[in-house]
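Take a look at the letters that make up each chain.
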Amino acid sequence: MNTKPFKALFSDQPWNPRLTYSPAVQVGNLIFLSGTTAGDAEGNLIGAGDIVAQARFIFEKFEAVLKLAGGGLSNIIETTDYVLTLDDYNKTAALRRELFGGPPWPASTGVVVSGLIRPGALIEIKAIAALGD
Amino acid sequence: MNTKPFKALFSDQPWNPRLTYSPAVQVGNLIFLSGTTAGDAEGNLIGAGDIVAQARFIFEKFEAVLKLAGGGLSNIIETTDYVLTLDDYNKTAALRRELFGGPPWPASTGVVVSGLIRPGALIEIKAIAALGD
Amino acid sequence: MNTKPFKALFSDQPWNPRLTYSPAVQVGNLIFLSGTTAGDAEGNLIGAGDIVAQARFIFEKFEAVLKLAGGGLSNIIETTDYVLTLDDYNKTAALRRELFGGPPWPASTGVVVSGLIRPGALIEIKAIAALGD
Numbered sequence: 005m006n007t008k009p010f011k012a013l014f015s016d017q018p019w020n021p022r023l024t025y026s027p028a029v030q031v032g033n034l035i036f037l038s039g040t041t042a043g044d045a046e047g048n049l050i051g052a053g054d055i056v057a058q059a060r061f062i063f064e065k066f067e068a069v070l071k072l073a074g075g076g077l078s079n080i081i082e083t084t085d086y087v088l089t090l091d092d093y094n095k096t097a098a099l100r101r102e103l104f105g106g107p108p109w110p111a112s113t114g115v116v117v118s119g120l121i122r123p124g125a126l127i128e129i130k131a132i133a134a135l136g137d
Numbered sequence: 005m006n007t008k009p010f011k012a013l014f015s016d017q018p019w020n021p022r023l024t025y026s027p028a029v030q031v032g033n034l035i036f037l038s039g040t041t042a043g044d045a046e047g048n049l050i051g052a053g054d055i056v057a058q059a060r061f062i063f064e065k066f067e068a069v070l071k072l073a074g075g076g077l078s079n080i081i082e083t084t085d086y087v088l089t090l091d092d093y094n095k096t097a098a099l100r101r102e103l104f105g106g107p108p109w110p111a112s113t114g115v116v117v118s119g120l121i122r123p124g125a126l127i128e129i130k131a132i133a134a135l136g137d
Numbered sequence: 005m006n007t008k009p010f011k012a013l014f015s016d017q018p019w020n021p022r023l024t025y026s027p028a029v030q031v032g033n034l035i036f037l038s039g040t041t042a043g044d045a046e047g048n049l050i051g052a053g054d055i056v057a058q059a060r061f062i063f064e065k066f067e068a069v070l071k072l073a074g075g076g077l078s079n080i081i082e083t084t085d086y087v088l089t090l091d092d093y094n095k096t097a098a099l100r101r102e103l104f105g106g107p108p109w110p111a112s113t114g115v116v117v118s119g120l121i122r123p124g125a126l127i128e129i130k131a132i133a134a135l136g137d
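Just so you know, the sequences run in chain order A, B and C.
Residues 5 to 137 in my numbering are what the first sequence lists, from first letter to last.
Residues 5 to 137 in my numbering are what the second sequence lists, from first letter to last.
Residues 5 to 137 in my numbering are what the third sequence lists, from first letter to last.
Treat the hints with caution; some may be incorrect.
[Said to hold, decoys possible] DSS-like cross-link-like pairs, simulated, lysine-lysine; straight-line CA separation at most 30 Å:
(1) Lys71/C <-> Lys11/A
(2) Lys71/A <-> Lys11/B
(3) Lys71/B <-> Lys95/B
(4) Lys95/C <-> Lys11/A
(5) Lys71/B <-> Lys11/C
(6) Lys11/B <-> Lys11/C
(7) Lys11/B <-> Lys95/A
(8) Lys11/A <-> Lys11/C
(9) Lys71/C <-> Lys11/C
(10) Lys95/B <-> Lys11/C
(11) Lys95/A <-> Lys11/A
(12) Lys11/B <-> Lys71/B
(13) Lys11/A <-> Lys11/B
(14) Lys95/A <-> Lys71/A
(15) Lys95/C <-> Lys71/C
Quick caveat, the hints were computed from the structure, so don't treat them as lab data.
Everything numeric in this text was worked out from a predicted model, so none of it was measured.
The following block holds chain A by itself, in its conformation from the complex:
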């Protein structure tokens, strides 16, 4: 029995039982999405060397998870983007414009870090989403 005060959200991809985190959790109308890199269900990196392809795949994974709660990318209220170079980060703005479809834009934070959680990853994104009333 789940006595924890939140619900885990999993997209329909198989989830590795060795992992000790959920792709996302929902508490009330807020959804917290785990820091995510462009790994597919088999653990292979998608978009090697291409930060935009990686970011796109990450948002596809977010969309699949948010869909389970009746939402989508337009429910994202905040993203934190961890990247390895500032130059790379600047390349992702057009993708955000495409995926979020115009204002109101989510809040956003970007920082350059020393390493990401998956070898070959150029970007790792965590996000918070909110469901409407």
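Given the structure of chain A, go ahead and fit chains B and C onto it with the hints provided.
Chains B and C alone, transformed into the frame defined by chain A:
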């Protein structure tokens, strides 16, 4: 029509239409402030080489945004501070004491990263605020 | 008089009055835990060179704080883990399994940063918890 479940908050400074994020978003009584560096409305860095001046300017920007929601710095419940050196970070404690005005203090996280989103920035702060009932 | 819209949570360890942040704050049913390293009440590092011992001590501090709000580690909905090497980070999975006790797992984000807030720290964790209805 905004069908997204949140509201964007902008201070009265002109906002660059090329940007794909909001300075802050409000959902319910929570306000999520974007990771912010000490850039003014024209994109110029304020407080070059001076982390305390930069942090002060960032909090002035936060205050302007929070004011739009009827709040101020005392509504900040959490900050995440990204800095380039730990020595720099220690210099900002007195500013926090001045601006937050004593307990209860917000929660706070500080980490040293490899780079910030604006050249010349010594600190980047993201924050969450809560409006009272 | 506290006119701020949140409550600070302190465990029963003495809190250094020079600090300008709270270990955790509660607003509504959400609790925001500050980025925490393995320092004891006297400021000494626990678990030098041992990331698992450090992470365990951090979660003990989280548990003490969450207990004040009637909760515990099972209330944690999200963690952000800042580490210095990816190899170190992988060592903490078994601890998470032990402490969170199985699904639903919290959301989780891990990134490799250049430095943490306490000399000798190998991991710094921030977290969000939610109290049940």
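Now for the hints, and whether the structure bears them out:
Between the alpha carbons of Lys71/C and Lys11/A the distance comes to roughly 21 Å, so the proposed pair stays at or under 30 Å and holds. Simply put, Lys71/A and Lys11/B have alpha-carbon atoms about 21 Å apart, close enough for the 30 Å limit, and the pair holds. Between the alpha carbons of Lys71/B and Lys95/B the distance comes to roughly 27 Å, so the proposed pair stays at or under 30 Å and holds. Straight-line distance between C-alpha atoms of Lys95/C and Lys11/A comes to about 26 Å, which keeps the hinted pair within the 30 Å bound.
Our distance criterion of 30 Å between C-alpha atoms is met by Lys71/B and Lys11/C, whose separation comes to about 21 Å. Distance hint between Lys11/B and Lys11/C is fulfilled; the C-alpha atoms sit about 25 Å from each other, no more than 30 Å. At roughly 26 Å between alpha-carbon atoms, Lys11/B and Lys95/A fall within 30 Å of each other, so this suggested pair holds. The suggested pairing of Lys11/A with Lys11/C holds, with an alpha-carbon distance near 25 Å, which does not exceed 30 Å.
For the proposed pair Lys71/C and Lys11/C, the alpha carbon gap of about 14 Å is at most 30 Å, so the pair holds. A threshold of 30 Å between alpha carbons decides the hint, and for Lys95/B with Lys11/C the separation of about 26 Å falls inside it, so the pair holds. At roughly 34 Å between alpha-carbon atoms, Lys95/A and Lys11/A are farther apart than 30 Å, so this suggested pair is violated. About 14 Å separates the Cα atoms of Lys11/B and Lys71/B, which keeps this hinted pair within 30 Å; it holds.
Distance check on the hinted pair: Lys11/A and Lys11/B sit about 25 Å apart at the alpha-carbon level, within 30 Å; holds. Between Lys95/A and Lys71/A, the direct Cα distance comes to roughly 27 Å. Compliance with the 30 Å bound is thereby established for this hinted pair. With a C-alpha separation of about 27 Å, the suggested pairing of Lys95/C with Lys71/C holds against the 30 Å cut-off.
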